[in-house]
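S.K.: Sequence:
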Amino acid sequence: MLAYFPEIYPDELLYSALARYHRHVCSRSPKHTLYDLFGETGVRATVGLQSHVAALSQRIPADRGLSPERLTRDFTLYRYYTAFEPNSVGQSVLASLVDGPADAVHVRLGIAASAISAPAYLRYCPICLGEMLSRYGEGYWRRSHQLPGVLVCPEHGAALADSAVSQGASNQHEFIAADQKNCSPVATLPSWASSPRQVTLLQEIAKRSAALLDHPPVRSSFRNWGAYYRSAVIDRGFGKGKENVAQNLLREAFLSLFEPVIDLIPGGLGGDWPMAMVRKHRKAFHPLRHVLFQIFLDKRSPQRRPAPPFGKGPWPCFNRLADHYGQNVIHEIAVRHDQDRVIGRFSCACGFVYSREVGSRSSPRILDFGPLLDDQIRQKVAEDLGLRAVARYLAIDPGTVRLHASRLGLNVPWKPLAVQHSRTSVPDRDAIRARWLDMQQNYADLSRRRLALLLPKEHSWLYRHDREWLEQHSPTALHKKWSDQRVDWEPLDRSMAAQLRKAAREITREVPPQRVTQAALERKLGRPLRMSERQVKLPKSIGVLGEVMETTDAFRLRRIVWATAELHRQALPVRSWRVRRLAGLPSIASPSVETALAALEIMAGSSEV
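Under full-length UniProt numbering, think of the first position of the sequence shown as 1, with each following residue one higher.
Check each hint, because a few of them may be wrong.
Lysine-lysine pairs mimicking BS3-like chemistry, simulated, CA-CA at most 27 Å apart [to be verified]:
no.	residue 1	residue 2
1	K240	K207
2	K283	K312
3	K240	K312
4	K540	K283
5	K537	K283
6	K299	K312
7	K299	K283
8	K240	K524
9	K299	K240
10	K502	K540
11	K181	K31
12	K280	K502
13	K240	K181
14	K207	K283
Computed spacing ranges between beta-carbons, pair by pair [said to hold, decoys possible]:
no.	residue 1	residue 2	range
15	Y443	E522	32 to 42 Å
16	L454	A519	30 to 40 Å
17	E174	A3	14 to 24 Å
18	G313	G386	17 to 27 Å
19	A519	S301	26 to 36 Å
20	R435	A498	45 to 55 Å
21	A112	H473	46 to 56 Å
22	E174	I602	52 to 62 Å
23	E243	H473	24 to 34 Å
24	P528	S29	54 to 64 Å
25	P416	Q379	16 to 26 Å
26	A246	A334	38 to 48 Å
27	L408	A334	23 to 33 Å
Simulated from the structure, these hints should not be mistaken for lab results.
Treat the numbers as computed from the prediction; the structure is a model and nothing was measured.
For each residue, glycine too, the CB sits at the ideal point set by N, CA and C.
Can you build the whole structure from these sequences, using the hints too?
M.R.: This is the structure we're talking about:
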């Protein structure tokens with residue numbers, strides 16, 4: 001049992017508290033401190049996720065209430081790294097940190113394979129350091145300052161500074177406390193610290209990231225996170241249809257929002273991961289990427305989904321021959337737009353189908369009376385009723401009765417339908433079904449699409465009027481059979497890397513210039529790359545892809561060079577406004593682009609002198 005253990009300050013890392021213990025007790029060596037705290041000397045001093053916490057908790061006086069779970073949850077980065085993991089992963093990581101070595105924890109959380117890495121040095125806020133020295137008489141390492149992608153203090157908005165304490169392997173068994181020797185009170189400010197736009201965005205990222213340490217979201221599965229993000233971006237106007245996402249629009253909007261800091265957080269903003277966030281999640285995404293994506297969603301208000309044009313169902317059935325006439329029993333509706341008109345097609349289970357237009361006060365247009373009408377016409381004709389008597393009984397037009405009686409081939413007591421009008425008769429459902437089934441029997445190996453090409457009229461009629469039957473009596477979808485042949489990834493990787501370089505060169509030669517993106521490379525190669533799913537197997541291709549893909553600024557600078565050459569070719573004065581318009585640049589671009597345009601203006605002015 002330890003006779004002394006320091007009080008843990010607000011937002012302090014467990015690493016920092018153990019480092020202050022080492023300094024306060026004037027320990028002879030780091031190994032001696034490890035033995036006092038953990039009972040062994042082989043424990044690693046880890047900044048973010050400290051292991052062997054149960055052994056440490058047993059040595060701290062019980063009245064301090066520092067259980068292993070509390071030490072891990074409240075004083076390490078555990079909550080941050082497990083904020084978006086399933087509950088099973090969170091519990092497994094917690095057990096590893098509490099009871100034993102945590103060698104596989106970073107692999108389990110996906111941190112080891114992530115492009116986003118922890119800061120190389122422990123970081124501090126100069127303003128926070130001054131407040132700590134004034135209030136506590138000593139400094140300490142704050143948890144929120146060590147999070148990946150956090151470049152400013154969440155509280156003060158001041159740029160964080162790198163200390164002299166490395167997080168590398170050189171200090172893996174030593175806890176080093178913050179002091180004025182390794183944390184200079186006056187730190188050199190980065191160039192972006194004077195940009196309010198950049199600082200504001202970075203502070204929002206810092207606040208969102210720090211909030212995960214104390215108030216992480218409710219644990220959910222990868223699948224649920226993917227469904228949530230997909231629904232959220234569709235609600236914000238990035239939908240393409242009911243369920244698809246307009247990926248190009250999403251990519252452009254995301255990069256536009258984070259353009260001021262895109263070079264400051266390269267690991268967090270590079271690649272096409274924002275598009276992967278709205279697909280099915282098959283793996284974990286780094287918490288920083290969740291933070292960035294949620295900031296993007298909050299910056300855009302959800303669009304109001306228009307109310308259904310015909311209201312919320314069910315809707316009434318107007319089949320007078322059915323016992324549910326006038327009741328709201330229809331659940332199936334198909335809406336189509338015809339220029340400015342919105343038309344709904346209502347299909348009842350009894351076979352009665354009608355349509356109506358939004359805003360129209362006219363009666364519904366009956367498209368199909370269903371099988372009940374045929375039965376009643378047969379019955380009334382057998383009773384030898386006249387045409388108008390049958391029409392009055394069925395509450396339909398006499399011409400409709402005559403038309404259906406002719407279709408059914410009945411021997412009626414009234415004047416039959418003239419031969420010249422026979423082509424306007426209602427199609428024979430049974431005959432159409434028979435032709436569709438016969439074609440399937442004669443061409444059993446054809447798909448539904450090929451059958452529809454052979455019987456276009458029959459397929460069109462069945463699709464419109466007898467869809468349920470068509471679905472039940474059509475060939476099942478053919479599933480592609482994958483070959484069991486194994487792929488030799490190494491030569492494939494070399495070949496694809498060479499193809500990517502060649503395709504990138506071809507794209508850069510296009511006039512007017514086109515940006516080298518993954519989508520452009522896919523179009524050039526004629527196939528999807530999908531290399532993000534095979535990063536381990538295609539390392540060279542992944543490396544080449546990162547080299548050849550252009551950032552927004554690089555592409556705009558290349559457009560400036562092309563626009564300048566084009567103006568020279570046309571013998572026109574090179575002015576920044578001409579270059580901006582010809583290159584398709586926005587009115588306000590990034591500092592590097594604006595600097596290039598200003599340089600052109602200066603050169604043009606000097607040439608006139």
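S.K.: So, for every hint listed, does it hold in this structure?
M.R.: Now for the hints, and whether the structure bears them out:
Restraint check for K240 and K207: the C-alpha separation of about 33 Å exceeds 27 Å, so the hint is violated. For the suggested pair K283 and K312, the alpha carbons sit about 38 Å apart, so the restraint of at most 27 Å is broken. Our distance criterion of 27 Å between C-alpha atoms is met by K240 and K312, whose separation comes to about 23 Å. For a cut-off of 27 Å, the pair hint linking K540 to K283 stands: about 22 Å separates their Cα positions.
Of the pairs offered as hints, the one joining K537 and K283 holds, with about 17 Å between alpha carbons and a cut-off of 27 Å not exceeded. For the hint pairing K299 with K312, the CA-to-CA distance comes to about 31 Å; that exceeds 27 Å, so the pair is violated. Taken as a hint, the K299 and K283 pair is honoured in the structure, with Cα atoms around 26 Å apart against an allowance of 27 Å. For the suggested pair K240 and K524, the alpha carbons sit about 24 Å apart, so the restraint of at most 27 Å is met.
The straight-line distance between the Cα atoms of K299 and K240 is roughly 20 Å, inside the 27 Å bound, and the hint therefore holds. With a CA separation close to 14 Å, the supplied pair K502 and K540 stays within the 27 Å bound. About 22 Å separates the Cα atoms of K181 and K31, which keeps this hinted pair within 27 Å; it holds. A C-alpha spacing of about 32 Å is found between K280 and K502, which places the hinted pair above 27 Å, so the restraint is violated.
For the hint linking K240 to K181, the alpha-carbon distance of about 57 Å lies beyond 27 Å, and the restraint is violated. A C-alpha spacing of about 25 Å is found between K207 and K283, which places the hinted pair at or below 27 Å, so the restraint holds. Here the CB-CB span from Y443 to E522 is close to 35 Å, well matched to the stated 32 to 42 Å. Take L454 and A519: their Cβ atoms lie about 37 Å apart, and the range 30 to 40 Å holds.
Separation of E174 from A3 is about 22 Å and conforms to the stated range, judged on CB atoms against 14 to 24 Å. Between G313 and G386 the C-beta distance comes to about 39 Å, which lies outside the given range of 17 to 27 Å. Evaluation of the 26 to 36 Å hint for A519 and S301 yields a pass: the beta carbon distance comes to about 28 Å. The supplied range of 45 to 55 Å is met by R435 and A498, whose beta-carbon atoms lie about 54 Å from each other.
Between A112 and H473, the C-beta spacing of about 54 Å keeps the proposed range 46 to 56 Å intact. A hinted range of 52 to 62 Å for the beta carbons of E174 and I602 is consistent with their spacing of about 54 Å. Against the hinted window of 24 to 34 Å, the Cβ-Cβ separation of E243 and H473 comes to about 27 Å, which satisfies the hint. Here the CB-CB span from P528 to S29 is close to 57 Å, well matched to the stated 54 to 64 Å.
As the Cβ distance of P416 to Q379 is approximately 19 Å, the hint placing it in 16 to 26 Å holds. At about 24 Å, the beta-carbon gap between A246 and A334 misses the expected band of 38 to 48 Å. At roughly 28 Å, the beta-carbon separation of L408 and A334 lies within the given 23 to 33 Å, and the hint holds.
Checked against the numbered hints listed earlier, the structure breaks hints 1, 2, 6, 12, 13, 18 and 26; every other hint is satisfied.
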